[in-house]
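> The listed protein sequences correspond, in order, to chains L and W. All letters in the first sequence, in the order written, are residues 17 to 495 by the working numbering. All letters in the second sequence, in the order written, are residues 165 to 257 by the working numbering.
I should point out that these hints are in silico values taken from the structure, not numbers from a laboratory. Check before you lean on any hint, since a few could be wrong.
EDC-like mimics (lysine to aspartate or glutamate), calculated; alpha carbons at most 20 angstroms apart, straight line [as the list claims (entries may be wrong)]:
| # | chain 1 | residue 1 | chain 2 | residue 2 |
| --- | --- | --- | --- | --- |
| 1 | L | Lys462 | W | Glu219 |
| 2 | L | Lys154 | L | Glu110 |
| 3 | L | Lys462 | W | Glu186 |
| 4 | L | Lys434 | L | Asp381 |
| 5 | W | Lys175 | W | Glu186 |
| 6 | L | Lys224 | L | Asp62 |
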Amino acid sequence: MSAPFSIYKDRDIYFLELDSPGSSVNIFSRAAAEQVHQFIHQLKPDDASLVVFKSSKPYSFLNGTELVLTASAHTIEDATALSQRTRQAYRAIEQCPVPTVSAIQGSCFGCGVEFALCTDFRLAADSFDTCFYMTELKDYYFPPIFGALEKLPRLLGLPGAVDFLLWGEKWRAEQARNSNLIDHVLPGEDFNSNLRAFLTSGALRNLKKRPILDLPALESAHDTADRDRIRHRIDRLPEEQRGLYSLCFEAMLESLQSPYSNEFVRKSAAAFQSVFQSDAWRNATSFFFIRTMARTASLGTSSMIPSDPVTLRLPATGSEFARILGGRGLKGLTVLRDETVFRPELICKDAIRHPFDARCGFDKDVRSDARPLIYFPDGERDVCEVFITPEALRQFRPLLVLITHLGWHPIVRRMDGKSVLNTLVEAGASGLRHVHREAQQLLRTKVLRHSSQVDVAVCSLFDFPPSRGSFMSHFAGTS
Amino acid sequence: MMPDQREILTKVLRILDEVCPERNANATRSAQASLIDDYYIDSLKVAELSLLLEESFDVSVFIPHLSGSVRDPHELTVGALVEFVRSNLTGST
Chain L
17 MSAPFSIYKD RDIYFLELDS PGSSVNIFSR AAAEQVHQFI HQLKPDDASL
67 VVFKSSKPYS FLNGTELVLT ASAHTIEDAT ALSQRTRQAY RAIEQCPVPT
117 VSAIQGSCFG CGVEFALCTD FRLAADSFDT CFYMTELKDY YFPPIFGALE
167 KLPRLLGLPG AVDFLLWGEK WRAEQARNSN LIDHVLPGED FNSNLRAFLT
217 SGALRNLKKR PILDLPALES AHDTADRDRI RHRIDRLPEE QRGLYSLCFE
267 AMLESLQSPY SNEFVRKSAA AFQSVFQSDA WRNATSFFFI RTMARTASLG
317 TSSMIPSDPV TLRLPATGSE FARILGGRGL KGLTVLRDET VFRPELICKD
367 AIRHPFDARC GFDKDVRSDA RPLIYFPDGE RDVCEVFITP EALRQFRPLL
417 VLITHLGWHP IVRRMDGKSV LNTLVEAGAS GLRHVHREAQ QLLRTKVLRH
467 SSQVDVAVCS LFDFPPSRGS FMSHFAGTS
Chain W
165 MMPDQREILT KVLRILDEVC PERNANATRS AQASLIDDYY IDSLKVAELS
215 LLLEESFDVS VFIPHLSGSV RDPHELTVGA LVEFVRSNLT GST
């Protein structure tokens, strides 16, 4: 199997292009860490003017490390050993004798963000597949361990760092630039050409090493009020989350005083130790797999790469669905507005049109007729329901994969019958035990394929915290 | 009737072929093969594999529980997965 990074030189710029072998997303594997470390170790200051890290994997810049391995870390020493190569590689990038650039297109999650924070300049594509998201606390209930805790408050200021790291806001390129996470935005269309033009324009000719931890701490007049507001919000979190969020926040405050202080090290280590091997951490980590199982149960694949480009023809005006798809382009998705059509149509590569319905907003009587239906009951919730036959799913799968890139979890179910999401919401009025009972019925009658689909729906509809793991397992035996 | 070890191995290898079409060229298709080094299994494939095994054996096969039970990721072999499926089947009967 090929090496994770392709390394080549164009004029005086080195490019390290990541394409994780055998995976639909890029991960910073042990092999990738080793390759980066060795490359930088041999690099001399005069060898190049820049080192540019980019991805050749569609939709993914860097999604994380080898999560599958983390469960085998049973002690702090195991975890330290497991993360050692990544730490060394990240440190090598920080100390690289040549200025470094992250050229980001696609998802940049968790330690992917921390990777980018090691480089001296960050630029990103203005496209819907480019998304910055700190997964650690929100998804895995674990403190970030590759530098985000100390770097983000210095780079973004405290409120921005808290929004991004503690509350898990997802940022597109423009917001990332406005928040100071990245330095520059390039048009998403034909990103590689735009990147080449930008690099050859000389805009980065005088780029110097600029470690984030050398930046002065941003102070704001509202700091005290901000801190009180944040502490108040932490106090309202579910009980099992409060301790970790509080420790991470206090470590972030400490890092603003001095990122190298013993007190920062003590607080960040305390955050790590407070959750390592805890039930909440194990549950939250499991929930990542549950989400992926739900996606696989719905779409028939765990891959995040649509098998074909998608073209949609939508009514010219008044389409809420068009708004959901976004005003700007998602790579692989072409949206045509057409005043001659009254309902959305999927146009396949063989030019055959597949009409479907899209319903946005709560509709207690929603049902599909002969056509597939995509139902978004609540714009504030990131779950949607897809009524579809297995045959039609083959045509619609690329569209549904793209919808997941927009942040939605599609729950695919068979064509006939009442909405699953409405059923769960109605049962929720009588309490979560009733939701569990209804969910069991949906699984018994095979309206849904797998319990993970219920877990994801309940997490979204009722804010059931991932730190409690699978909803269906949590309530097993109680109803 | 509960399938025996050989039947489980056959099914597991078939599903692995489906989920992980790329395999280490030097790896043997056997119980000794490593899920990580030979089948290049990542977190997405762990989830997909869990789902397909659950449906094939009609029992919970949540592979993150298996990876949480080993000290060394190299212990995650096809044989360990077969044993995990077998123990879950035994536990469910």
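> Does each hint hold? Answer for all of them.
Here's how the hints hold up against the structure:
Using a Cα cut-off of 20 angstroms, the hinted pair Lys462(L) and Glu219(W) holds, with the two alpha carbons roughly 13 angstroms apart. Restraint check for Lys154(L) and Glu110(L): not satisfied, since their Cα atoms lie roughly 26 angstroms apart, outside the 20 angstroms limit. For the proposed pair Lys462(L) and Glu186(W), the alpha carbon gap of about 32 angstroms is over 20 angstroms, so the pair is violated. For the proposed pair Lys434(L) and Asp381(L), the alpha carbon gap of about 8 angstroms is at most 20 angstroms, so the pair holds.
Straight-line distance between C-alpha atoms of Lys175(W) and Glu186(W) comes to about 18 angstroms, which keeps the hinted pair within the 20 angstroms bound. This hinted pair checks out: Lys224(L) and Asp62(L) have alpha carbons roughly 13 angstroms apart, not beyond 20 angstroms.
In this structure, the hints that do not hold are numbers 2, 3, in rising order.
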